[in-house]
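Q: Chains as they are written, first to last, in UniProt numbering: chain A, 1 to 224; chain B, 1 to 467.
Hints were generated in silico from the structure; no laboratory data involved. Please note that a few of the clues may not be correct.
Claimed, not checked - The following label-pair restraints were derived from C-beta to C-beta distances:
| hint | chain 1 | residue 1 | chain 2 | residue 2 | range |
| --- | --- | --- | --- | --- | --- |
| 1 | A | V88 | B | D254 | 20 to 26 Å |
| 2 | B | W324 | A | A206 | 38 to 44 Å |
| 3 | A | Q173 | B | P376 | 30 to 36 Å |
| 4 | B | S248 | A | V120 | 47 to 53 Å |
| 5 | B | A232 | A | T213 | 51 to 57 Å |
| 6 | B | S287 | A | D182 | 30 to 36 Å |
| 7 | A | Q173 | B | D442 | 30 to 36 Å |
| 8 | B | A284 | A | T213 | 52 to 58 Å |
| 9 | B | R383 | A | D204 | 55 to 61 Å |
| 10 | B | R243 | A | P56 | 48 to 54 Å |
| 11 | A | R125 | B | R383 | 27 to 33 Å |
| 12 | B | R296 | A | A142 | 15 to 21 Å |
Glycine included, each C-beta is placed from N, C-alpha and C at the ideal position.
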Amino acid sequence: MAQVLLIEDDPAIRRSLGMALGRHGHRVRAAETGEDGLRQSRAERPEVVVLDLMLPGIDGFEVCRRLRADSGVPIIMVTARGDDFDVVSGLEAGADDYVVKPVEPRVLDARIRAVLRRGVAEPQRVETHAGLVLDRGGMTVAKDGEPVTLTPTELRVLLELSRTPGQVLSRQQLLESVWEHDYLGDSRLVDNCVQRLRAKIETDPASPVFVQTVRGFGYRFGPV
Amino acid sequence: MRPRGLRVRLVLAFVLVTVIGAVAAAWASYGSARGSMVDEAQQRATDEIRRRVAAVTADLTYPPDQGALDRLRAAVGAPALVTYGSLSSAEGTGLGLLTGELRAEVRDREALVFQRVTSDEGPRLLVGTPVMRTSVDGARAPSGIEVYAVRDLTPTQQRIDASAEAAVRTSALALPLAIVLALFAAGGVLRPVRELGGTARRLADGDLDARLRVRGSDELAELSATFNHMAAELQDSVDELRRMEADSRRFVADVSHELRTPLTTLTAVAEVLEGEAQRMTPDARESTLLAVEETRKLTRLVEDLIEVSRFDSGTASLRREQVWVRRAVEDCLRARGLLDQVELDAPDDVTAVLDRRRLDVLVANLVGNAFTHGRPPVLVRLRADDEQVEVTVVDHGPGLPEGGRHRVFERFYKADAARTRSEGSGLGLALALENARLHGGDVVAGDEPGAGARFVATLRRFPREDT
Numbered sequence: 001m002a003q004v005l006l007i008e009d010d011p012a013i014r015r016s017l018g019m020a021l022g023r024h025g026h027r028v029r030a031a032e033t034g035e036d037g038l039r040q041s042r043a044e045r046p047e048v049v050v051l052d053l054m055l056p057g058i059d060g061f062e063v064c065r066r067l068r069a070d071s072g073v074p075i076i077m078v079t080a081r082g083d084d085f086d087v088v089s090g091l092e093a094g095a096d097d098y099v100v101k102p103v104e105p106r107v108l109d110a111r112i113r114a115v116l117r118r119g120v121a122e123p124q125r126v127e128t129h130a131g132l133v134l135d136r137g138g139m140t141v142a143k144d145g146e147p148v149t150l151t152p153t154e155l156r157v158l159l160e161l162s163r164t165p166g167q168v169l170s171r172q173q174l175l176e177s178v179w180e181h182d183y184l185g186d187s188r189l190v191d192n193c194v195q196r197l198r199a200k201i202e203t204d205p206a207s208p209v210f211v212q213t214v215r216g217f218g219y220r221f222g223p224v
Numbered sequence: 001m002r003p004r005g006l007r008v009r010l011v012l013a014f015v016l017v018t019v020i021g022a023v024a025a026a027w028a029s030y031g032s033a034r035g036s037m038v039d040e041a042q043q044r045a046t047d048e049i050r051r052r053v054a055a056v057t058a059d060l061t062y063p064p065d066q067g068a069l070d071r072l073r074a075a076v077g078a079p080a081l082v083t084y085g086s087l088s089s090a091e092g093t094g095l096g097l098l099t100g101e102l103r104a105e106v107r108d109r110e111a112l113v114f115q116r117v118t119s120d121e122g123p124r125l126l127v128g129t130p131v132m133r134t135s136v137d138g139a140r141a142p143s144g145i146e147v148y149a150v151r152d153l154t155p156t157q158q159r160i161d162a163s164a165e166a167a168v169r170t171s172a173l174a175l176p177l178a179i180v181l182a183l184f185a186a187g188g189v190l191r192p193v194r195e196l197g198g199t200a201r202r203l204a205d206g207d208l209d210a211r212l213r214v215r216g217s218d219e220l221a222e223l224s225a226t227f228n229h230m231a232a233e234l235q236d237s238v239d240e241l242r243r244m245e246a247d248s249r250r251f252v253a254d255v256s257h258e259l260r261t262p263l264t265t266l267t268a269v270a271e272v273l274e275g276e277a278q279r280m281t282p283d284a285r286e287s288t289l290l291a292v293e294e295t296r297k298l299t300r301l302v303e304d305l306i307e308v309s310r311f312d313s314g315t316a317s318l319r320r321e322q323v324w325v326r327r328a329v330e331d332c333l334r335a336r337g338l339l340d341q342v343e344l345d346a347p348d349d350v351t352a353v354l355d356r357r358r359l360d361v362l363v364a365n366l367v368g369n370a371f372t373h374g375r376p377p378v379l380v381r382l383r384a385d386d387e388q389v390e391v392t393v394v395d396h397g398p399g400l401p402e403g404g405r406h407r408v409f410e411r412f413y414k415a416d417a418a419r420t421r422s423e424g425s426g427l428g429l430a431l432a433l434e435n436a437r438l439h440g441g442d443v444v445a446g447d448e449p450g451a452g453a454r455f456v457a458t459l460r461r462f463p464r465e466d467t
């Protein structure tokens with residue numbers, strides 16, 4: 001189904017996870033180190049990167065940052081510890097989602113499909129909200145005439161929120177609609193994504209206009 | 001209470017010693033003062049009488065007549081009695097005190113005799129002396145005249161009484177001084193004792209850095225030094241034990257983390273094999289399904305171990321968020337396919353600020369325990385007040401094992417030694433308890449009358465203001 005780049009230093013995991021994802025229909029290429037992963041990513045243009053955080057040489061966080069610097073490719077990180085530190089650092093480095101080892105391939109497959117769906121265009125419609133132009137069909141965003149580059153996840157959060165301007169969506173709702181997580185989804189995924197989104201589309205991210213926080217409930221688009 | 005008792009005893013002992021000492025000293029000095037004063041008064045009186053008698057006897061003619069006796073009596077001074085055979089001359093009061101024994105003694109000893117008596121009027125000194133006559137050849141012999149006098153010792157007695165009073169006053173003055181000194185001394189002894197007690201209490205309360213200050217070089221200082229030595233040894237042992245425990249817990253954590261890598265491979269392989277199982281021979285299929293199942297159990301065990309080691313190392317943290325508690329419980333049960341098997345008694349509108357994932361673990365473990373160790377029907381009851389959310393899980397099994405009220409929360413606790421394996425990791429209830437405690441709550445196990453075991457988890461509904 002998808003072109004997956006698996007960056008993982010443990011050969012057994014690389015082999016077994018690659019095999020299992022292959023059985024779910026993905027075309028998996030594997031990289032053993034961060035450096036190799038970055039090189040393959042540039043050469044092969046994978047649709048999804050599955051990234052182990054504990055790597056020899058440059059670690060997963062750094063790989064994540066470098067990938068983000070020149071691409072919006074969805075990144076699912078695999079943390080060995082599931083500790084808050086890893087998760088928060090990984091999300092700050094730009095990861096879209098995370099799973100904890102030992103991960104079940106079917107869960108990883110579901111996450112891969114979910115990230116891919118975020119990039120699927122909606123019926124063509126262009127909306128303008130106070131200088132912010134959302135092209136749902138073309139999957140592009142422009143602010144004051146300038147195009148803004150969003151990752152699929154950021155774009156999907158913006159599209160979900162702007163579908164019903166002025167209405168609050170809880171983190172849980174966003175986790176279910178954008179990340180397709182179950183009821184135990186990690187709300188930090190949403191918060192982190194909103195932060196990055198604001199940095200890109202808000203004039204002053206500290207006092208946001210488009211994506212506003214409703215304390216204790218969630219987020220809402222506008223009113224602008 | 002002990003030091004106060006000791007203080008009282010010390011003061012009492014001091015006072016007692018002081019009183020005995022003062023009384024003994026006063027008694028001794030009174031005795032000697034009294035003796036010397038009485039002796040002196042006696043000496044003076046007898047010397048006076050001797051002198052007066054001697055002054056008159058030179059002019060006496062023998063045998064003396066009444067007139068001579070009267071002169072002699074006058075010379076001695078009243079009250080006095082002078083006798084010669086049947087003649088006597090007496091003047092003054094108190095002569096009745098002169099007893100026959102005294103007279104006999106004067107006659108027998110041919111010397112001056114005195115005796116102290118206490119009459120109704122007061123102390124009196126009785127003096128009796130024979131008048132000696134010197135013959136021409138120089139020999140001295142009793143002349144047969146006897147002179148008796150009674151002397152009043154009251155002034156002397158008064159002086160003695162005054163000195164006794166002074167002694168008593170001095171003793172009385174010594175008493176408060178003794179008490180003050182006793183308090184000082186008691187303080188000196190008791191302060192270190194109190195410090196010792198306080199330090200021992202601090203040690204017992206877990207403050208292993210507690211030490212005594214060593215002052216001086218007396219027995220108390222030695223005791224303090226010994227105590228400090230003991231405390232240091234204790235601290236070393238406890239440190240060693242804690243280090244060993246921390247090491248072993250870290251070891252468990254490390255091992256669990258290390259297991260994640262091979263488990264990731266096993267999990268992936270198991271899923272591949274499971275997908276192929278239907279195409280395998282029966283033996284291979286059964287082996288495969290066993291391997292898959294055991295891999296899942298192992299994964300669960302390792303995850304629980306890692307979670308437990310987070311609590312042990314104090315790195316378990318709460319991520320509180322607004323939660324609709326009934327929905328969270330339903331989600332938890334639904335995710336495990338238990339929603340239809342549990343009787344849920346819960347109000348719709350309870351919200352709380354909790355860690356969603358930890359609430360899920362708590363409910364899942366309590367309900368899981370009810371199904372594995374109890375019997376259906378399983379009832380989950382949710383209640384809330386302003387402070388707390390209470391989740392009660394009741395089953396209809398045999399109830400808690402004997403003495404298991406607390407032990408069920410122990411890690412890998414097995415009520416029945418023969419039952420070596422169960423569905424869970426053996427850490428479920430321990431984790432439930434830890435998660436409740438992290439929420440400022442608790443889990444209490446008990447028996448529900450008419451049903452089986454009952455577990456009541458309480459969670460603080462909202463975070464405390466200061467956190």
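Q: Evaluate each hint against the coordinates.
A: Results for each hint:
The beta-carbon spacing between V88 (chain A) and D254 (chain B), approximately 22 Å, falls within the hinted interval of 20 to 26 Å. Separation of W324 (chain B) from A206 (chain A) is about 31 Å and departs from the stated range, judged on CB atoms against 38 to 44 Å. Against the hinted window of 30 to 36 Å, the Cβ-Cβ separation of Q173 (chain A) and P376 (chain B) comes to about 34 Å, which satisfies the hint. At about 51 Å, the beta-carbon gap between S248 (chain B) and V120 (chain A) stays in the expected band of 47 to 53 Å.
Restraint check, A232 (chain B) to T213 (chain A): a C-beta distance of roughly 55 Å satisfies the suggested window 51 to 57 Å. A beta carbon spacing of about 31 Å between S287 (chain B) and D182 (chain A) agrees with the range 30 to 36 Å that was offered as a hint. Between Q173 (chain A) and D442 (chain B) the Cβ separation comes to about 33 Å, which falls inside the hinted range of 30 to 36 Å. A beta carbon spacing of about 56 Å between A284 (chain B) and T213 (chain A) agrees with the range 52 to 58 Å that was offered as a hint.
Range check, R383 (chain B) to D204 (chain A): about 46 Å between beta-carbon atoms, so the 55 to 61 Å window is missed. Distance hint for R243 (chain B) and P56 (chain A): a CB-CB separation of about 31 Å, inconsistent with the stated range 48 to 54 Å. Here the CB-CB span from R125 (chain A) to R383 (chain B) is close to 49 Å, at odds with the stated 27 to 33 Å. Our hint of 15 to 21 Å for R296 (chain B) and A142 (chain A) is violated, since their Cβ atoms are close to 49 Å apart.
In this structure, the hints that do not hold are numbers 2, 9, 10, 11, 12, in rising order.
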